[in-house]
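Spelled out from the first residue to the last, the chains are:
There are 2 protein chains.
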Amino acid sequence: MKTDILIIGGGPAGIVAAVTARKNYPTKTINLIRKEVKSIIPCGIPYIFNRLNSVEQNLMPDHLLLDNEVNLVIGEVEEIKHGEKQVILKNKDTFNYDKLILALGSVPHLIPIPGIEKEGVWLVKKDYDYLVKLRREVWQSKNIIIIGGGFIGVEFAEELSDIKDLNISIVEQLDHCLITNFDEEFAIAAEEKLKNKGVKIFTNTTIKEIGGRHKIEYVQLDNGEKLPADMIILSTGGQPNIDLAKKAGIKTEEKGGIRVDAYLRTNIPDIFAVGDCAQTKDFIIGENIPVMLASVATTEARIAANNLYQIKLLREKKGTIGVFSTFIDGLALGVAGLTEARTKKIGIDYLIGEAEAPNRHPASLPGMGKIKVKLIFARSSQNLLLGGEIMGPESVGEMLNILSMAIQQKTSLFDFNTWQIATHPLLTSAPTVYSLIAAAQNAMLKIKS
Amino acid sequence: MKTDILIIGGGPAGIVAAVTARKNYPTKTINLIRKEVKSIIPCGIPYIFNRLNSVEQNLMPDHLLLDNEVNLVIGEVEEIKHGEKQVILKNKDTFNYDKLILALGSVPHLIPIPGIEKEGVWLVKKDYDYLVKLRREVWQSKNIIIIGGGFIGVEFAEELSDIKDLNISIVEQLDHCLITNFDEEFAIAAEEKLKNKGVKIFTNTTIKEIGGRHKIEYVQLDNGEKLPADMIILSTGGQPNIDLAKKAGIKTEEKGGIRVDAYLRTNIPDIFAVGDCAQTKDFIIGENIPVMLASVATTEARIAANNLYQIKLLREKKGTIGVFSTFIDGLALGVAGLTEARTKKIGIDYLIGEAEAPNRHPASLPGMGKIKVKLIFARSSQNLLLGGEIMGPESVGEMLNILSMAIQQKTSLFDFNTWQIATHPLLTSAPTVYSLIAAAQNAMLKIKS
Numbered sequence: 001m002k003t004d005i006l007i008i009g010g011g012p013a014g015i016v017a018a019v020t021a022r023k024n025y026p027t028k029t030i031n032l033i034r035k036e037v038k039s040i041i042p043c044g045i046p047y048i049f050n051r052l053n054s055v056e057q058n059l060m061p062d063h064l065l066l067d068n069e070v071n072l073v074i075g076e077v078e079e080i081k082h083g084e085k086q087v088i089l090k091n092k093d094t095f096n097y098d099k100l101i102l103a104l105g106s107v108p109h110l111i112p113i114p115g116i117e118k119e120g121v122w123l124v125k126k127d128y129d130y131l132v133k134l135r136r137e138v139w140q141s142k143n144i145i146i147i148g149g150g151f152i153g154v155e156f157a158e159e160l161s162d163i164k165d166l167n168i169s170i171v172e173q174l175d176h177c178l179i180t181n182f183d184e185e186f187a188i189a190a191e192e193k194l195k196n197k198g199v200k201i202f203t204n205t206t207i208k209e210i211g212g213r214h215k216i217e218y219v220q221l222d223n224g225e226k227l228p229a230d231m232i233i234l235s236t237g238g239q240p241n242i243d244l245a246k247k248a249g250i251k252t253e254e255k256g257g258i259r260v261d262a263y264l265r266t267n268i269p270d271i272f273a274v275g276d277c278a279q280t281k282d283f284i285i286g287e288n289i290p291v292m293l294a295s296v297a298t299t300e301a302r303i304a305a306n307n308l309y310q311i312k313l314l315r316e317k318k319g320t321i322g323v324f325s326t327f328i329d330g331l332a333l334g335v336a337g338l339t340e341a342r343t344k345k346i347g348i349d350y351l352i353g354e355a356e357a358p359n360r361h362p363a364s365l366p367g368m369g370k371i372k373v374k375l376i377f378a379r380s381s382q383n384l385l386l387g388g389e390i391m392g393p394e395s396v397g398e399m400l401n402i403l404s405m406a407i408q409q410k411t412s413l414f415d416f417n418t419w420q421i422a423t424h425p426l427l428t429s430a431p432t433v434y435s436l437i438a439a440a441q442n443a444m445l446k447i448k449s
Numbered sequence: 450m451k452t453d454i455l456i457i458g459g460g461p462a463g464i465v466a467a468v469t470a471r472k473n474y475p476t477k478t479i480n481l482i483r484k485e486v487k488s489i490i491p492c493g494i495p496y497i498f499n500r501l502n503s504v505e506q507n508l509m510p511d512h513l514l515l516d517n518e519v520n521l522v523i524g525e526v527e528e529i530k531h532g533e534k535q536v537i538l539k540n541k542d543t544f545n546y547d548k549l550i551l552a553l554g555s556v557p558h559l560i561p562i563p564g565i566e567k568e569g570v571w572l573v574k575k576d577y578d579y580l581v582k583l584r585r586e587v588w589q590s591k592n593i594i595i596i597g598g599g600f601i602g603v604e605f606a607e608e609l610s611d612i613k614d615l616n617i618s619i620v621e622q623l624d625h626c627l628i629t630n631f632d633e634e635f636a637i638a639a640e641e642k643l644k645n646k647g648v649k650i651f652t653n654t655t656i657k658e659i660g661g662r663h664k665i666e667y668v669q670l671d672n673g674e675k676l677p678a679d680m681i682i683l684s685t686g687g688q689p690n691i692d693l694a695k696k697a698g699i700k701t702e703e704k705g706g707i708r709v710d711a712y713l714r715t716n717i718p719d720i721f722a723v724g725d726c727a728q729t730k731d732f733i734i735g736e737n738i739p740v741m742l743a744s745v746a747t748t749e750a751r752i753a754a755n756n757l758y759q760i761k762l763l764r765e766k767k768g769t770i771g772v773f774s775t776f777i778d779g780l781a782l783g784v785a786g787l788t789e790a791r792t793k794k795i796g797i798d799y800l801i802g803e804a805e806a807p808n809r810h811p812a813s814l815p816g817m818g819k820i821k822v823k824l825i826f827a828r829s830s831q832n833l834l835l836g837g838e839i840m841g842p843e844s845v846g847e848m849l850n851i852l853s854m855a856i857q858q859k860t861s862l863f864d865f866n867t868w869q870i871a872t873h874p875l876l877t878s879a880p881t882v883y884s885l886i887a888a889a890q891n892a893m894l895k896i897k898s
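Note that the protein sequences, when read in sequence, are chains S and H. So that you can map any letter, position 5 of the first sequence is 5 in the working numbering, and since no number is skipped, the others follow by simple counting. So the mapping is simple: the working numbering equals the position in the second sequence, first residue as 1, plus 449.
Extracted from the complex, chain S is given alone in its bound form (with noise of 0.2 Å):
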């Protein structure tokens, strides 16, 4: 079969590039193919157990391929053929393809763990049928231990937390949950609201053995302690779906998925990829970071598929930002760019302005919460905005989008001085106080005038 534009994959990367090609060549054909009849909203997964009355609940919509005219295959690719331009499915089934855009995600990452092949040791699969019996048999637990306390891990806990007679507990190697991503005092904040909602949380601790006959009884933790459990979800993050490619003779990064350029295009001409199977550069130094979002998978795939026949969207080589939210029991955290522990660690000078304001005012409106922001500005190169950390209620969420967008177009510290805001009792803090602007000033003042 023959198809202008080809792409593997359908989580949101795939299905972004389909969408964006479609809109971009309106006379192309389009293939879409994926191997799952039913496709997961990957950031969804959390929430199916309690919050979402099913898997079903969480699943993406073919309406957007098939209201552009995108044609889905359900099946499984075999083998990429690039100097023939052709991919072959498991079935034989061919494609000719002018042009493939890889979307082929990510899979967990799996640690070695005496016992983890027992039954009862659970992966946070994007598979229906795995999630379907993932669900069934939590409804059906006591004693659930979450190994990882990254973003899944914790949303995971939390999401649990809210079933009766359910006692969850999350064992994390590193001194907090999420501090990969976040600062400590944010890192902290997180866990208080997780233990305040029953979460027992381990830190500085690996797990020596996952113990029991057949099913999984217990864990026994690096410092002797055994832990009752019925399940273990192991949630230690995931790495680069690169077999596919890698036999395909594409280029890969030793750490890091399929070597691309600013445009996602990889060594091999006319093959793309995007999304978590790709190489991921920081915006700052150029560096390979294992970021993994379904925002940066679509941030990718819209500048491939712009950029399919000839560079629309010109990239200037912007690396990844890396912005990331989560809610934990009422308290929205987020971050974008660099976070304090890893500025000093690339080695940047620089200024922290931090504050704290009320998300209403008067602060005795319904609603209320406090937002607690950290900017982190270089301290020379016209200080410009690096990063940012900010917690609080819901709107927090799109908050953090106003820091990337302006770490994203060179803002500095002094722009944020000059910045004019909207604000309103019902929705924001009181201009007054607004804590973007105030953190801001904070820095400034650190500059000696």
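Hints were generated in silico from the structure; no laboratory data involved. Being a predicted model, the structure only gives us computed values, none of them experimental. Idealized CB from N, CA, C, for every residue including glycine. Treat the hints loosely; a few may be bogus.
Unchecked claim - Now the stretches of chain H that chain S is said to cover, found in silico as 3 or more residues with beta-carbon under 8 Å: (1) 773-779; (2) 838-850; (3) 863-874.
Take the given structure of chain S and dock chain H to it, following the hints.
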């Protein structure tokens, strides 16, 4: 009495000027003169009737001033003698200043209607005692007519509609409520929300007469209809409070307040004017615009106070973008920069991008509401963002500030297309459909390739 820095006015602009001056000039003496014993939060006034339990709840705390060693003087200024650099109060107390900041605010704009002098006609004054009486009167009324369907009028109507057995009508002379600030589709959505709450709206309508013996009993509309009325609330806008400045020989604009440069300096050395009393110039063509917003006022106050003794915050003559938001029966509406109507009127060649998306993903999650976006980009001039309107649930309040940041930082529609955002199931739209990016894409496709 001698003071280094003297501020007249205790509203948001005055407070921020004082606090910013303190932070920049730790050793200077600062005095702030205001006539009100208790200082009202201006944008909180609509909410004193129901959401807040009293006017007391809507006071600006004085601790911001006191904590920053700003001396608070309660008194009324009678005269400014700029030759002697003196300010004289009604009680004859005299201040000799080095730098003077006028933050005189605005006064309600009165329109000449027969009968307007009658008992039962109320203004929206930032005056504690007056508002206490207004609040009491509202709770004793049955029929209230609001004249003027701008932000204040609409917010009053929404708040009052929650009070049982109260009939609320808005009379607006233009085609729609809020039409001065929003394009028609957004204004209509706001009106629908008000109507759902039982508010009667009369547009394209003026008042011919306010009738009644001593106290008002009815209003007569220009179409002859009579509406019974116990109270009339006039919300027909404000005008800069410039009498004191004029008397002192400080230059004012015919319409538009005290004349200032980009650093908020008046024509008299060492005298600055900030907030509602100062001239506000549009960011696109530099014409005077009647924007009176606490957020603009506080930005101006920061700029003035940072630049009191020498220019530290270079402005490059930025004008006022104008960023407004409101919240009506669960629908937040916001506008930043130009509307389509204004873009047309100015005569700019433009592109529109529109999109709509749920604020959750999957959309079946609790708290789902749709976010609707309309962006306006220049068709040439690098396709810069000129303005945007958003409506939807609460998070729209901060989404709007993404747009104000983007306008200020000269963001093009191509920048939106490669913009990296944070998305989260419980906090934002899905990355596949995020409305600000989708709207930019929609606009981009209108550029012929």
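Hint check results:
Proximity of the region 773-779 of chain H to chain S, defined as three or more residues with a beta carbon under 8 Å from a beta carbon of that chain, is established by the 4 residues found. Judged by the Cβ-Cβ criterion of 8 Å, the region 838-850 of chain H is covered by chain S as claimed, because 8 of its residues qualify and three suffice. Only when three residues or more bring their CB closer than 8 Å to a CB of chain S does the claim for the region 863-874 of chain H stand; here the count is 11, and the claim holds.
Hint compliance for this structure: no hint is broken.
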